[in-house]
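These protein sequences, in sequence, are chains A and B.
For the first sequence, full-length UniProt numbering begins at 1 and goes up steadily by one.
For the second sequence, full-length UniProt numbering begins at 1 and goes up steadily by one.
A few of these clues could be false.
Identical copies go unnamed one by one, so any copy, or any two together, can satisfy a pair.
[Stated by the list, open to error] In the DSSO-like style, the derived pairs of lysine-lysine whose C-alpha atoms are separated by at most 30 Å in a straight line are:
#1 K55 with K235
#2 K235 with K646
#3 K36 with K118
#4 K652 with K55
Please keep in mind that the hints were generated in silico from the structure rather than gathered at the bench.
Chain residues, written in single-letter form:
Number of protein chains: 2
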Amino acid sequence: MPNRQIQLMQNARAQASFHSQELTDVIYGGAAAVEKRREEFRRIEKLLGRSDTRKLPHIYGESGRTEQYVDGLRWGAATFRERLKCGESWFDAVTPHHWMNNASPFGLHFLMFTPALKLLASPEQLEYWLPLAESGRIIGTYCQTELGHGTFVRGLETTATFEEATDEFVIHSPTTSSTKFWPGGLGYAASHAIVMARLVIKSEDYGVHPFIVQLRSLEDYTPLPGVELGDIGLKLGHNTNDNGYAFFTHLRIPRTHLLMRSNQVLRDGTFIRGPIDKLAYSTMLFARKIIIIRIYFQLAQAATIATRYSVVREQGNIAFDSADNAEVPIFAFKLQQYRLLTLMARAFALHFAGVHVGSLYEARLAQQERDDHSELAPVHALLAGMKAYSTQVTADGAEDARKCCGGHGYLAMSGFGQLVPTATAIATLEGENFVMYQQLARFLVKCVGRAEQHSTTEYLRSPNTVSDISPEADLLEPTVQLGIFRHRSARLVVECAEALLASQQEGLSFAQAWNKHILSLIAAARAHTETVVLTAFIDSIVGVQHDSVRAVLRRLCSLFALSSIEGPNGGDFLADGYISNVHLRPIRESIDLLLEELVPDAIALTDSWNFTDACLASALGCWDGDVYERMMEWTRQVPLNVDVRKMGGVFKPGFEQYIKPVLRAKL
Amino acid sequence: MPNRQIQLMQNARAQASFHSQELTDVIYGGAAAVEKRREEFRRIEKLLGRSDTRKLPHIYGESGRTEQYVDGLRWGAATFRERLKCGESWFDAVTPHHWMNNASPFGLHFLMFTPALKLLASPEQLEYWLPLAESGRIIGTYCQTELGHGTFVRGLETTATFEEATDEFVIHSPTTSSTKFWPGGLGYAASHAIVMARLVIKSEDYGVHPFIVQLRSLEDYTPLPGVELGDIGLKLGHNTNDNGYAFFTHLRIPRTHLLMRSNQVLRDGTFIRGPIDKLAYSTMLFARKIIIIRIYFQLAQAATIATRYSVVREQGNIAFDSADNAEVPIFAFKLQQYRLLTLMARAFALHFAGVHVGSLYEARLAQQERDDHSELAPVHALLAGMKAYSTQVTADGAEDARKCCGGHGYLAMSGFGQLVPTATAIATLEGENFVMYQQLARFLVKCVGRAEQHSTTEYLRSPNTVSDISPEADLLEPTVQLGIFRHRSARLVVECAEALLASQQEGLSFAQAWNKHILSLIAAARAHTETVVLTAFIDSIVGVQHDSVRAVLRRLCSLFALSSIEGPNGGDFLADGYISNVHLRPIRESIDLLLEELVPDAIALTDSWNFTDACLASALGCWDGDVYERMMEWTRQVPLNVDVRKMGGVFKPGFEQYIKPVLRAKL
C-alpha cells in the first residue's frame, strides 16, 4: 500500500488529457532521439553511481571547494570520454545534472575550444589541431575575459608582440587588471587555451586576435615557464569547475599559433587583413546559440521539481474553516497553479523559440561559408536579445520555482541549490544581459522605417495602427495575441527611434541620447524578443501531429501570452491604451479558464521533459512523489550526521571548543 | 601615489553634497549610538581576526559543511558572550557579516527563545527560566515547523499528551512528516527548545501549545533518551547554522513545562482557557518585527558593494567611438545609476518604514500588557505585509545589485555569495511571503467602507475620487506622489472587496471567491504596503535636522516613489488611466533629474551606512576602492591554490585520477 504522498502523485499523474511520451517526442525530435538520449543518461548515471536514488547525491554531502572540484573532474572525465566515443553527444552542452556544461572542467573543450578552432583556424591549422582536440590528446579552453575587462572586448590588455628574429609571439600580461580571469578549466584542467590578445607588430597595435597557447607540459602537466595559473576560488555555483586565472610573463609561442583563417601575419611581420572582420567574435555567437537552445532545460527542471512537490505537499485549509485542520496539496491553490503553469508555459515558449533561433543561426553559418554576411547583423542582434531574454526568464523562473517550494526549496537536496545559481550565472557570462539587449536595440532602431526588413522585424515596417482592440476580441486567438505583442513592441521601438532623433536635434550626441533613453531602449528590445518568442511558439504548434498534444500546447501558448500581458512586466501593454482596464478582466478570466484546463495535465507536462530522478537530484521533485521518506533518508546520510552518530550524538569538536565555554560562562 | 582604482574612489567620494556622518547619525539614532555600534563591531572583528582586510576571509576559503558550521560556532560564541556581557547588543539580530542572526547556531536563543519565554511563560515560570537563559546556562531554540507542516500552524502533528499518574507530558512524533525540521541550532548547539505541540488530555485535542523541552544533558551534551537530533544538511545559505531536525519518541517532561501564561493545565488534568487566545502566535510577530527593522541592512550592503565597485570598474566606451578603446567607470552609464540609486532609495525607504512599524509594534505590546488587544489585528496585518514587502524588495534588490557587478558579482569574495541567499531565505522563513500578503489582504477587504479606520488604512475610507491627475502636477511634490500611491492601492483594495462580493453572489463560497481573486488580492496588499512605506518615508524626512541631509533624502524618496510607478511593477498605476502615457514622460524626466542630482552623492550614501570592510567581506565593495589588487591577493590565498603551489603547480590527485587517463585515452 503506497504512502499518502505516493498516492497523491499517482492520482495527479492519472488525470492527464494526453500521453506525455508523445510530447517528449516533440521536444527531442522523435522517438529515436528520445531513446538515444535516455540511453546516454543511463550509461553516465550508472558510471557515476547515481542510479540508486535512495542514496544521498554526493554533491549534497560535504561541499569543500576541493571536493566539489574533484566531483566535477569525476563526471567531467566520464562525459568527456562519452563524447570522444560517440562523436556528437548530449553531454556536449549539459552536465549529468542538466546544467550548462561549463560547470565541467572539460566543458569548454567542446563548447568553445573546438568550435573556435573550426571558426578561426586556417585549413592547415585546422588539419593539425582538430584531430588533437577531437581525440582528447589536448584539453582546451577559451581565454578572453580579464580581471579588469569583460564584455567590451576592445578593452583587453593582454599583448601578443611579434618578434621577427625568433618568428615568435610574446604573450604578456602588462598589468594586474590584464590577468586572464574566469575561463572554465583554466586553473588546473586545461593543457591549451585559445587566448584573445592584442596583436602588436613593430609597436603597432592591430587589435584583439586569437592565439593558441600551450599552458602545461603534456608530460607532467606542470605550468610552462612564463604563466602563473590558479583557481579563482569559490563562486555562487559552478564550483565543480576550476574557473581560473592566468598571468603571462613573456611567454613565447610560434608565429603560426595565431589563428589565421582571416587576418594573417607573414614571416617578415607583414600584417594582412582578411575578408571577415568580425570573425573573432563568432565564437561568442556560437556559445550564445548553445545557451539559447539549452538554458530553458533548467527552467523546465525547476518547474518539474516544484510542480511535483506541489501535488504532494499539503498545507493550509482552502475552506478557511477554522474548525477544520485538514490540509490540501498546495497545488490546489490558484496562485500556485498560476505560478507553476506560467513557468512551464515559458519553458515551452523558450524551447520552440530556441529551435527557431538555432535554425536561423545554422542558416547564417552556411551563408558565411559562401562568404555572404548579409544575415550576420540581424542574427547577431537576435541572438543577443534571445540570450538575454532566455537566461533572464530562466534564472528568474528557477528562483520563483524554488520559492514555490517554501522552506524546503532552500535545502540543497531540493536541487535548487545548484539549479538557481547555475542558471543565474548564464545571465551574466557570454555577454551581460543589459548589454545584450542594447545590441539588439541598436539594430532595431536602425530598422525603423526601412523598406527592407529581416523576417523577424517584418512587422516593424507596418506597425499595427489600430488604436485599441475591441473588448469582444477573442483573447485565445493567436492572431489577436500576436497583434497585441506586435503593437507593443512596434510602438516601443518606434518611440525609441523618435526619442533618439529628438534628443539629437536638441543638441545631444548620439551617445548622450542613447544613455538618456537607455531604459526605454532595453524595454523595446525585450518586448521585441518576446514577440519573436510568441511568434515561434505559435508557428511551431501548427505542425504538431497529435491533437491532444497540440491542444495542451495551445493552452500553454495562450497562458504564456496572456500572463505576459497581465503580469509584472505588462505595464508596457497598458501604457498607450491599446490594452486597458477594460481588457484586463477578460484577460484574467481567460487565464482562469486556461488554468482550469491545464491543472489536470500538470504532472504529465513534467513527465514530458523526461528528466531522470538522478539528473534532477531533488528529494522534492522525485518521479514517485515519495518526498518525506526520501528527505529523511537523505538527511540521515549527511556526512556530518554520520560522523556525529559515531561520536555518540555530540559534535565533539564544536562542543569542547565553543559550546562548553559558553555554557559554563560565569558572569 | 594611489593606483587608478583608489583614485577613482577618492574622486567619487569627494563630490558629496552632504556629510555622510550626519546621515549616519540619522540612521542609527544619534552620534552616541553610532559610536557604541562602531565599538561593538571593532571588538568582535578583532576577536575574530577580521581586522586585516588584506587577508582572505575564512568563509571564502574551504567551505565544507563542517568547516562552515565550526566557523558559525566560532563567531556565534563570540557574539553570544558579547550579548551576555553588554545586555542588549547589536549582535542580537545581526551577525558580524550583518546578516540576520539566525545564521548563528546560537542566534535563536535571543531572537526567539528568550522573547518566547517573556511572551508565553507565567510569572513563576519566567522567574525560573529567564535567569538561566540570560546567563547562558542553557542554550535555547524555538521549535515549530515540521517536515510536513509550515506556515499553517494548526496542521502541526507533534503531540504532548498529559499523563496524570506521573504528572508529565509525553512529547511524541507520530509520523515521519511530524519530524521537527528547520529550527536553527536544533541539530547540535541547543540544550533546550520551546516545542510547539498539540496538547492532548484524556485523548482530547486542545490544539497547539508551547512546551519547554530539554534536548541534551547539560553534563556531556548527549541527546536525552527519546529524541533523535541532527543537522538538516547543506542549504543555499545559512550553513554556519546547524538548522536541525528532532524526532521525539515518548520523551517525558514535567507538566509545569507547558508555558502557562494564558492557557493552563492543572494537576488533575483540568484545562483552563486563558484570556489571550492568539498568544501562541505572538513570538512569530516579534520575529517578524525584528526582520522588518533589520532585513534592509542587507539591501543597503548590497547597494554599497555594487555602487563602490561601479565607480572603479571601467568598462565600455560611452561615446560608441569604435576608434577609441578608452573605457569609463560603469557608474557613468545611466542604467547603472538608475539601478543602484533606486536600490539605495529602497533601502532608505525600508529603513524609515521599519522604524515606523517597529514603534507601532511596541505600542501594541504595551497595550497588550494592559489586556487591550484592539491593535492586534491591524498590527498583525501590517507586520505580515511589511515582512513580505521588505524581504521581497531586499532579496530581489540584493540579487539585482549582484548582477550590477557583472561576472565578478558571482565570486564568493564579492560578498554576494552569502548576502543574496541569506536575504532570500528570509522571504520564506517566518511566514511565506504570499501567505503574508494574503493575511494583510484579509484585513484590508474587511476595512472597506468602514467608518472606523486604523491610522494606516485611514485613506481607504475616502478613496481619492479624482479620475486622473493633471499633466502639470508637480511630480516631485510628496502630496502628489502620495495621492498617486493612495489612489492605486485604494482602487485595488476596493475592486477586490467588490469582486469577492460579486463572486459570492454568483454562488461561490468565500473560500472559492478568495482563491479566484487571489492574484488581485496579493497585488492590493502589496500596493497598500508600498503606500505605507512611502508615507513613513515622507513623514520621517520632515524631522531631519541638517538641510543638506534632508535634501538628499527628499531626492531618494522621490526616486523611490517615481521609479515604483515607472518600473516593472508599475502596471497597476496605469490600469485605470489615473496615470497614463501622458504622465510617463514627465515622470521619466523627473527621474532623470533626480539621478543627475544624486550621482555625486552615491559614494557618500554608501559611507553613511557605516559598514566596516570586515562586515561587508567583499573584495568589490572595499572602502578604499582597491578592487583588483585585493582580488588577486585574496585569490592567491585560496587554500586550493596554496596547496597546488606546494605540489609544483599541478593538482596531483585530480591529474593522476581523471585528467591523465583522459589525455592518454587511446581511441
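For each hint, the structure was consulted:
1. For the identical chains of this complex, K55 and K235 are neighbours both inside a copy (26 Å) and across copies (18 Å), given an alpha-carbon limit of 30 Å.
2. For a Cα distance limit of 30 Å, the shortest separation of K235 from K646 across copies, 23 Å, qualifies, whereas the shortest one inside one copy, 32 Å, does not.
3. For a Cα distance limit of 30 Å, the shortest separation of K36 from K118 inside one copy, 26 Å, qualifies, whereas the shortest one across copies, 64 Å, does not.
4. Within a single copy, K652 and K55 get their C-alpha atoms as close as 26 Å, and across copies as close as 29 Å, so both meet the 30 Å cut-off.
Consistency note: the structure conflicts with none of the earlier hints.
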